[in-house]
Amino acid sequence: MLKEKQKNYFLNNLKKGLFNGLSVTLLMVKVIIPCYIIIELIKHFGIIRVIGNFFRPFMKYFGLPGEAAIGIIAGYTINLYAAIAVLSPLKLSTKDITIVALILGISHSLSVETPVTQKTGVNSWMLFCLRILLSLLAGVGLNLIWTLF
Amino acid sequence: MDIILTALKNSAMLTGQLLLIILPLTISYEFLKHKQKTLEEKTWRVFGITQNGLVPLITGVIIGLTYGAGVIIHSIRSSNMDKREAFLIMLFLSICHAIIEDTLIFVVIGANGIILVAIRFFLAFIFTYFAYRWLFFKKS
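Each protein sequence line maps, in turn, to chains A and B.
Start counting the first sequence at 7; every next residue gets the next number (the numbering used here).
Start counting the second sequence at 22; every next residue gets the next number (the numbering used here).
Just so you know, these hints were derived from the structure itself, not from any lab.
Incorrect hints may have been included.
Stated by the list, open to error - In silico DSBU-like pairs for lysine-lysine, Cα to Cα no more than 30 Å straight-line: (1) A:21 / B:30; (2) A:101 / B:30; (3) A:49 / B:30; (4) B:30 / A:36; (5) B:104 / A:125; (6) B:30 / A:97; (7) A:49 / A:66.
Note that the structure is a prediction, hence the values are computed from the model and not measured.
Input sequences plus hints: build the corresponding full structure.
What follows is the structure, encoded as structure tokens:
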């Protein structure tokens, strides 16, 4: 009887976890494929160079190429999977990707996560601004540290 | 047309790689959720966070704000902790959350995971500590 219960518990968790994982993947696919295609297309038609040149003056503080700005914006507004779909075709170096990952790790999917912080009763505007500010500072900082060593 | 095909192929490969990370994670989350009550009860008052705050804190750090939202919101509201503690927890979590998933998906495209985790924990501890000190003085 007890063994049966344990087996059920195990199977239930497994099923729920699998189901959650697959639904996350479905969401992910819906974001990744369009983003990937758009980036490959604008790369092909040379539009990415225009965008890259536009953002280069801002991105140089992070030691990143201008194109990485698209990834950061996608991560801030949509989610990390969109950011990865954008960054993956750009073929950045380990240093660049680590810097982008730190920036996006601190602040991402702001459209989803800000309401979550709000529901806990905490001042979410303050946290929202703090996250963006901190992520940018962390990016600049990591770039400085990385170039020093 | 060729571009779209390669894009489709590459994005499918990327999705496959991410799937390998996400499935084990979501499955282990389910087991973790049930284990939650048996977590060690340690006092951790340096940052003004008490045992009540440990459940949302650990959930957030491991699972993240999106999937852990239910647990975090419920445990902060039901334990009627003060606003200050809730703020400190959310501040820590803002900087350092979903530490496993966020790190791994960037490692897939070539980031250095150890640096990422180390810096995020470091920043989270520093900021929470200073916010605690600052808010503490302001209150008293």
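Cross-check of the supplied hints:
1. A:21 / B:30: Between residue 21 of chain A and residue 30 of chain B the Cα gap is close to 29 Å, so the pair holds against 30 Å.
2. A:101 / B:30: Within the cut-off at roughly 26 Å; holds.
3. A:49 / B:30: Holds - the C-alpha atoms of residue 30 of chain B and residue 49 of chain A are around 16 Å apart, at most 30 Å.
4. B:30 / A:36: holds, 15 Å
5. B:104 / A:125: Judged against 30 Å, a Cα distance of about 12 Å means the pair holds.
6. B:30 / A:97: Status holds; Cα separation ~16 Å.
7. A:49 / A:66: Roughly 21 Å between the alpha carbons, so the hint for residue 49 of chain A and residue 66 of chain A holds.
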